[in-house]
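Novice: Take the given structure of chain A and dock chains B and C to it, following the hints.
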Amino acid sequence: MTPLPADNNKAFVQIRGVVKDFGGGSLAVNNVSVDIAQGEIFALLGPSGCGKTTLLRMVAGFEIPTAGRILLDGQDLHGLPPYLRPINMMFQSYALFPHLTVWDNVAFGLRREGMEKAAMVERVEQMLKLVQLQRYGKRKPHQLSGGQQQRVALARSLAKRPKLMLLDEPLAALDKKLREETQIELANIIRQVGVTCVMVTHDQEEAMTMANRLAVMSEGKIFQVGTPTEVYETPATRFVADFIGNVNLMEGRVVVDERDFVEIDCGFCRHRVGHGITGTLGMPVTVALRPEKIRLRRTKPAGEVNHVQGTVRDLSYFGSFTVFNLDLPEGQRLKVSESNIERNRSDAPAAGEVAWATWPDTAQVVLTT
Amino acid sequence: MTLRALLYRTMERTFGKAWLGAGFVFLYLPILVLVFYSFNASPLPVVWGGASLRWYRQLVHDRDLLSGVWLSLQIALYAATGAVVLGAIAAFTLVKYKRFWGRTLFTGMVNAPLVMPEVIIGLSLLLMLVSLERVFGEKGMFTIWLGHVLLGMSYATVVIQARLQDLNPELEQAAADLGARPIQVFLLITLPLIFNALVSAFLLSFTLSLDDVVLAAFLNGPGATTLPLVIFSRARLGMRPDINAAASVIIGVVSVIVVGGSYLVFRADRRRAAEIAAAQRA
Amino acid sequence: MIRPTGTSFFDRMHAHPLFRAHARKAVISVPFIWLLIFMLLPFFIILKISFSQMGIASYLPLSHFKDGVFDLSLDLTHYRFIVQDQLYFRTYLNSLKCAALTTFWCLFIGYPFAYFMARAKATLQPALLMLVMLPFWTSYLLRIYAWKGLLMTGGLLSRVLIFTHLDWILLRLGLIAAPGMFMNTDFALLIGMVYTYLPFMILPLYATLSKMDLRLLEAAADLGATPWVGFWKITVPLSKAGIIAGSMLVFIPCVGEYVIPELLGGPQSLMIGRVLWDEYFSNNDWPMASSVAVVVILLILLPIAIFNKYQAEASEVRR
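Residue numbers (my numbering), protein chains in the order written: chain A, 1 to 369; chain B, 370 to 651; chain C, 652 to 970.
Honestly, I wouldn't trust all of these hints.
As the list claims (entries may be wrong) - Here are some, though not all, of the chain B residues that point toward chain A, as calculated from beta-carbon distances under 7 Å:
hint, residue
1, Thr476
2, Leu540
3, Ala549
4, Pro561
5, Asp638
If you are wondering where the hints come from, they were derived from the structure by calculation, not from laboratory data.
Where a beta carbon is used, it is the ideal one built from N, C-alpha and C, also for glycine.
Bound conformation, chain A alone:
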């Protein structure tokens, strides 16, 4: 994703120590703090029930935090009901008013504001043009397709030029093909308008495609905040590494600890990682290795590190890549993903065959949590 312009308000939205207790024993949102920059698209990513939607609703004003503060552009939002916050939300079900036309739906917020007629008409037309629904103004929501309804919802939530826009699982209601097209379109429109945006999703692809930065949440806590690349290539914890994409996790101990490289003994294989880590000799660590960083060979590679022998248990052909599941000698499993760069590759291992998995020393991430 494109980086943000240099001069922007890094702490446009400040979430400070927010807690939400519904009284069920565990906290829905557990002391979450994060800063969001102006103009940024920020995603809250996590499995169902992790608290991301509750956090979003607290920003919108539909839930009241048990503790903590939420500030927008320096203003504390505490005690402000939703209709007094300069924030607009796009709901998962779109929530278009069925008894109003598309035009009236988009104009609704402007009318509540008391905007004068001429300016309001101009703004509504502008919004409809933005989402390319200029000729649909007179229609009612039930006369539109799912994708069109979503665009109306978008236009409606942008109409008031809010300081912050919230998206609740924006693409959940669309089917796969439509989702891919809409992801890009939606992100483009939001960037074009330049509004700061916080979105909630459980779909990693969505978050990684659309967001500038994302936060990985689970059980009410944020585990890591960063750009999609950062979160994917340098996960901070086992959970993050496992949640985003596929990963092989291997337990081991640090056996060689130098300033610019370390070696970790995992029993069935030995890793050499091409950078130093903060830690001590003998420390137990987890090595995270993504499947696409591994290559399969029929012959044993040179050296003693960064390879392991295994038997191909099964393989799944996905067209552009193939995923191999390897059984390792001591019972562990390794997942390898190889791009099908050549057509009809002759030396690809088949099920039941023995192969060597090998990877470079830049491929691993060493995790201590």
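Specialist: Only chains B and C this time, still in chain A's reference frame:
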């Protein structure tokens, strides 16, 4: 499909049609007989004296009946209004406020008139109004109105509550999010969307008030004789052709309204479904 | 709390949590107070009156100040009378019996009716529903009155029953007193009750049955169940909420029904609704009527509780 399954299915279909048919005959037979005999020239119900409109002509001059009609219509109108207003607030309360002090009691009281025998409601309400006569005044149109509002409110609450529960809560949240204050949310979004339920509740309460015999008997006063009371006192004495004619008129008017209304609703629903289907295909 | 700029006094008032709490209380209390005054208070009043004696124009007060001492006299004569007098006891019993019979027949006729309605073609169902509702919208008084015409001597149904000799069966069952005389009998009463309350049974049943997932029956058939078994082991249990709600909706009002016994029943059709009516209108004995009412309420408290429970359940399932 096996022969046995096919046989079974045909049997079930035939049996079903027969049962439904017999059931509808049972439901509609009295009505048809009533209408039929209203055209009977002979005043004796069991002797057919030829077709005649004399009883209908007589209706126009029946002062008691006509004043009963007028009174009943008025009471029904006011009672239905009161029932819908109170019922809407009660329904709103039950749906929006999940927990409040006395909620079980409240729910019980709202639902009770649905099943409680009318003589009980009538007697208890009457005795209370008499005990507090200084507050509520003499028995009459007002007291009947009170009883009918109480009865209608229960039905109205059930109808409106059902519709409110089906309403997508995100609609009201979206309205608030866009800057509408709670009152505006209610007037601009909630009310229009439950409008159909409000109309249903109104018609239901209107009908109940118009039909009611027992509550009106307990709660009426001098000069407040409703239509059902007029009919009831005459019906106790036996079959009378003038009642037949009145009955046919009432049944005819109601049927036209109900059938007509149902048809309009049906057509609107069908059109809406077609529009949705067309939009999905586009 | 920082005051947001550009907001009016109204907005700030709305935003204040205390306002919202009070507004909420105000909304709840409107129907609540209405119901307390017109639903709950009357019951306490008839309870009170049931313990008093009847005076000339009104009931005598229960409590007096005698020589500066507060004296409360609770007269139990009426209750004693109810418990001891054979007639009252039999009337209560008969009312319950009649209500139970009505409920049974409504279920017997209504369940298959609702079942076949729910199985009918989808386009036909709204029309069928309307046809069932239509009699409900027309005055029930008129329709009961119509049965008089059908059952009186020479009436259509009367003639049919005599012609088919069915009246002898009714005579043997004790539902009519003399052959060929159907008016003012228990038989007429039963027909009138079932006729009036049938839609009340059909509607909840239809609501439940039409929501049933037919694929459950397909799964059962796939596993080897015959349609008969499928009906009794799947359809009926799943429609339990509808059966109970419908039954209560019929049973409870039937116990205290007045109009139908009055128009169609005979002098031997002992129904508690008529007794209550007569105590008030004919005997002008308010305390007696009150105590009769109180006992009826006690009898139907349990069914009402059951109804409330299944009514709530039905509306939760709807979600």
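Novice: So which of those numbered hints doesn't the model satisfy?
Specialist: 1 and 5
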